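S.K.: On the provided structure of chain A, position chain B as indicated by the hints.
The chain contents come next:
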Amino acid sequence: MNNLFANPDDPNMLEHIEERLSSGRTTCCQWNRRGNVLAAGTTKGTIVLWCFDTRAVVREFRNNNHSEERRRRRKENSPQSAAVGEEEEEEEEEVSFPIRCLCWRRDNRKIAAGDANGHVLIWDVLTGDLETRMTDIGTLNNIEFTKDFKALLFSPAGFKAPMFRAISKRSGTMWPDTVVPLPGGSLDEADVHGCPAILTRSGNFCVYATTGGGLCVARLKEDGEGAQMRRGWKLVQTIELVAKDAKMVKRLELSRDGKTLLVVSFSKCIVAFDVVGDVEDKKRNKEKEDLKNDDNNNDDTGLETTVLKNRRQFENEHSQSSWESACVAFDNKFVYAASSTASHEVHCWNLKTLELTRVLEGPNEAKGLIRSCYHPKRPLMIGVGANGIMYVWAKVYEESWTAFQPDFQELKENREYIEREDEFDIKDEEENNDGTRKEKKPNVTYLDDASSLTFADLKLWDTDLSAYWTDADEDVMHDLPVEVIVDYELQAQMEEKKKKWERKQALKAEKKKKEAEEKETEKNGGKGKEREDDGDENAKKQKMDDAKNEGRDGAAKMEEDDIINDDDKEKD
Amino acid sequence: MMLLSKSAPSRSVEFDFACRGHEKTIASAKFSNDGSRVASVSGDKTCRIWSTKTGILAQILVGHSGGLCDFTWSSDDKIIATASDDTFLMLWDSLTGKCIRLLAGHECSVTCCAFNLPSSNVLASGSSDETLRLWDIKNGKCMLIIPAHADPISSICFSADGSIIITGSYDGSCRFWDKHSGACLKSLSVSEDKAIPISFLCCTPNPSYILLGTLSDSIMLIDINSGRSVKKYRSHMNREFCLPSSYVKIKEAELIVCGSENGHLYLWDSNSQQLLCSIPVKRIHEESSNLAVAVNISRNRNSIVSFFLKNDIDHELKLWRFSERK
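Taken in sequence, the protein lines are chains A and B.
All residue numbers for the first sequence refer to my numbering, where the first residue is 1 and numbers rise by one.
All residue numbers for the second sequence refer to my numbering, where the first residue is 1001 and numbers rise by one.
If we strip away everything but chain A, and leave its shape as in the complex, we get (with noise of 0.2 Å):
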């Protein structure tokens, strides 16, 4: 929403490190659908959840659910027993292994990281339980999530291709083991790296590299219907990528958008292509239905044989490392590249006239940068360093005057103010009245301004958060919970002064009574004005219920009044 008040003109280009955030040693990270959530793997095999909103840790997992489990139960045994803690965490360290890669799934409802023991494993993000563990995978160069969710797309390293594991047994009949289709010929040759994969954004197509510098797009084939229903890839387009010197992918990277492409590899440049004709399947089951009519529509209908298009190259002439990692910023203005080996420098290109315009530089305690990832709503990209701490790059905020006063002018320079003759005289308010003479005021509309008013319907239950959310309609969790930490030293003091109070209550309520007992003999029978509750729990329920009653019967006589009086007013 804060797009709204964005300057239109503004290039959105980052500046500055705002913030260094650091637990443990990153890896590698990656923001969740709307960007409150960063997820980080670290060295010792955790996952990182951290808050954008309060740039704190949220949640850590762990990747030993047995010790989980033991934590938990020692927990309720005893819950303030740190030095059983302290002995968990030494055993876990000798079973954690760096995260190599994680993603989100597309619902933010789970994580899945490989590690670099060969080990694929996946938690459930709001109870922070290790549900999946899959072992002897060999490590990763990066983990996907399927679009039903079912299964897996990796690819290990020393294989030969990128393949696809169902995640649950049960699953696997749908998702039987398999390797995505090489084209013919191709390269049975190891590699430490493995091929990078990436599915694209509506999931129906595969891109990945081969081990000789291609580039390879197979399509999703479903074949059967419903639990009987097996999948399969079809290769549909592959590309040679021609580099002079080193031909090995390292990374692709796809825009948030789903339309842009980047290439990572060892040579000198990043390569980016076009994304097209990857239709959702929402909108393409709209499409199809459109096209009823056409009875010979096979599955290939919507579905486009070339998915790469338009190739472009990004490179810096004066840089002499490769690069390691990119991204492009989330209004598809600019592609952020950083290499790992070299100093702290991120070269930022325009995305459409591939000019180099910016190469920002970092500390040089970071040295080169080994992931890069920007946020889906914002100016801001994390970096991560070669030495494992997260660099937060952003714009230079910069105070706008003008939007604190509607009256204000922004002036581009500095302007001698000439002082009319008569500025500072002392005159009637009818000559300064005068039109003609008064500085001009900039327009201004104030809230006061009736000419605004309007008698159109306006929907205030129009609850279509779409203009900000493009996922608004689906079933994706957006928040955390929050666990606040609580204070039990407040908390205690705060128990002893409500116990006095209490105490003073019952006091107070006592003499009251007396009062009352004493008002009620001289009267007989006129109510208390005012009931106090007293310590006593049945007590005060009673009362509460006599109060309700005693108050139900007053207003209610006032309301039979009401409806007397109205619904005269009604008939006339």
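I should point out that these hints are in silico values taken from the structure, not numbers from a laboratory.
Since the structure is predicted, the reported quantities are computational estimates derived from the model, not experimental observations.
One or more hints might be untrue.
Heads up, simulated DSS-like pairs for lysine-lysine below, C-alpha to C-alpha not over 25 Å straight-line [stated by the list, open to error]:
id, chain 1, residue 1, chain 2, residue 2
1, B, Lys1186, A, Lys459
2, B, Lys1141, A, Lys497
3, B, Lys1078, A, Lys499
M.R.: Only chain B this time, still in chain A's reference frame:
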């Protein structure tokens, strides 16, 4: 009793019951988001939570050393944040009634507070010290201090997506703030001479509009995009107190509800801006008076809570409900 709209079936407002216990004037009363409870804060330094079904007092929150001005429910209704004259804000567990945290920092009495819905991880508070402060709910730390206005802040709310904070002040201006940077995004003034204080503002379910009350007998619906008022509701009396206004949807009719300083509560049709009716909120023991009535509405249960501001005798909450007449 009254006809709300000619097209909609006639409905009436009926008195349900009264909740008693406060010893001093009630400053604010609001329904929980699920409508099952209503809480009230008062000058007697307590916050009380009542059940809307039975009217039974569920919890008393005791701990502040000054009178309470305002409070707010978190989106899951588990936490209540109270703002007090003792310059502190406190977080409470609404189910157990236990104090969770103390938020210290304001230099004068805290006049208003609001959670960022729906995540409720940030609390914004406005104070007589003219600053707006943002608090991290998890650890109680003050994240941001913004010298926001030239007079006490009277009202505060978050935009529907939680990214903007909107403040209204006695200096007659309403300002929009970016939650992350604290930058002022926009400022709206009621009138040119800045003499009309803003007493209340709240978001509506439609993210484009906010409801804003001023101490010049008017409530306005403001279009955020254009920064102009699009609807105006008049005929009630509001010169002195910060009376909250509220909105309710009954079948297809969208209504604006507000109390008044003449002991009545007023209902308008939100689109035609016409006054539909005014209902006297009577006291039991005395004839209706010129007391200021403040109201609030439970949006999912269609019930109203009303109370009198600034008086010595009547410290009770009255619950009303919209009911269909046959």
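S.K.: So if I understand the rule, the pair passes when the alpha-carbon distance is 25 Å or less; does B/Lys1141 with A/Lys497 pass?
M.R.: Given that 25 Å is the threshold and the Cα spacing comes to 24 Å, the pair holds.
S.K.: Is the straight-line distance between the alpha-carbon of B/Lys1186 and that of A/Lys459 25 Å or less?
M.R.: Satisfied, since the Cα-Cα distance of roughly 24 Å is no more than 25 Å.
S.K.: B/Lys1078 and A/Lys499 were given as a pair; does the straight-line alpha-carbon distance stay at or below 25 Å?
M.R.: With Cα atoms ~23 Å apart, B/Lys1078 and A/Lys499 stay inside 25 Å; holds.
Consistency with the previously given hints is maintained throughout, with no hint failing.
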